[in-house]
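Residue numbering for the sequence shown is 1 to 138, as defined by the numbering used here.
Derived by calculation from the structure, the hints in this document are not laboratory data.
Predicted model only: the values in this text are computed from it and were never measured.
Backbone N, C-alpha and C fix where the C-beta goes; we use that ideal spot for every residue, glycine too.
Honestly, I wouldn't trust all of these hints.
Pairwise CB distance ranges, derived in the manner of DEER restraints [stated by the list, open to error]: (1) 55 <-> 95: 32 to 40 Å; (2) 107 <-> 34: 27 to 35 Å; (3) 111 <-> 74: 28 to 36 Å; (4) 99 <-> 120: 35 to 43 Å; (5) 53 <-> 74: 21 to 29 Å; (6) 113 <-> 90: 17 to 25 Å; (7) 57 <-> 37: 29 to 37 Å; (8) 55 <-> 99: 34 to 42 Å.
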Amino acid sequence: MAPSHALKTCHAARLARTFVTSSSANSAVHDPHGGLAWYMSRSNAGGVSQTVAVSPGSRYRLDFWHAVGDGSSWRRVTATVTAGDAVVASTKTPIRADTQWYEVTLDFTAPKDCTAVTVTITENTWLRVDDVSLVEII
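Please build the complete structure, drawing on both the sequences and the hints.
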């Protein structure tokens, strides 16, 4: 059951607008989770990263959709939020052996002296990600 927090969209936080660049070539994932396109890296250990403004001490939720792409049983995604060199929050998806889209969420609190965090989403092989957002939990 999902937490019943009110969500407010954080300014400069629609990460998907920067990340979405891909087509379905060489992938068993042929349709985006939402919209017309999704991000897919074409190299092992692919990923995306963006720095976004945050309010010090505020709570946030990173949300995105991830698909493995070919049914391999050893692929997983890591999402990390950093402030400078410090890791604020991180999560890894379970290993999946199918080509379905799965939602990933990561809640975190911005450090008290922090006005920006870097969100990085990587996979140990070709990354497929869609509908990325960062919202303030109010």
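A quick look at each hint next to the structure:
Distance hint check for residue 55 and residue 95: the Cβ-Cβ separation is about 35 Å, which falls inside the suggested range of 32 to 40 Å. At roughly 21 Å, the beta-carbon separation of residue 107 and residue 34 lies outside the given 27 to 35 Å, and the hint is violated. Roughly 34 Å separates the CB atoms of residue 111 and residue 74, a value that falls within the hinted 28 to 36 Å. A C-beta distance of roughly 24 Å is found between residue 99 and residue 120, which places it outside the suggested range of 35 to 43 Å.
The given range of 21 to 29 Å is broken by residue 53 and residue 74, whose C-beta atoms sit roughly 36 Å from each other. With their beta carbons about 20 Å apart, residue 113 and residue 90 fall inside the hinted range of 17 to 25 Å. The hinted window of 29 to 37 Å between residue 57 and residue 37 holds, with their beta carbons roughly 35 Å apart. The given range of 34 to 42 Å is respected by residue 55 and residue 99, whose C-beta atoms sit roughly 38 Å from each other.
Of the numbered hints stated above, those contradicted by the structure are hints 2, 4 and 5, listed in ascending order.
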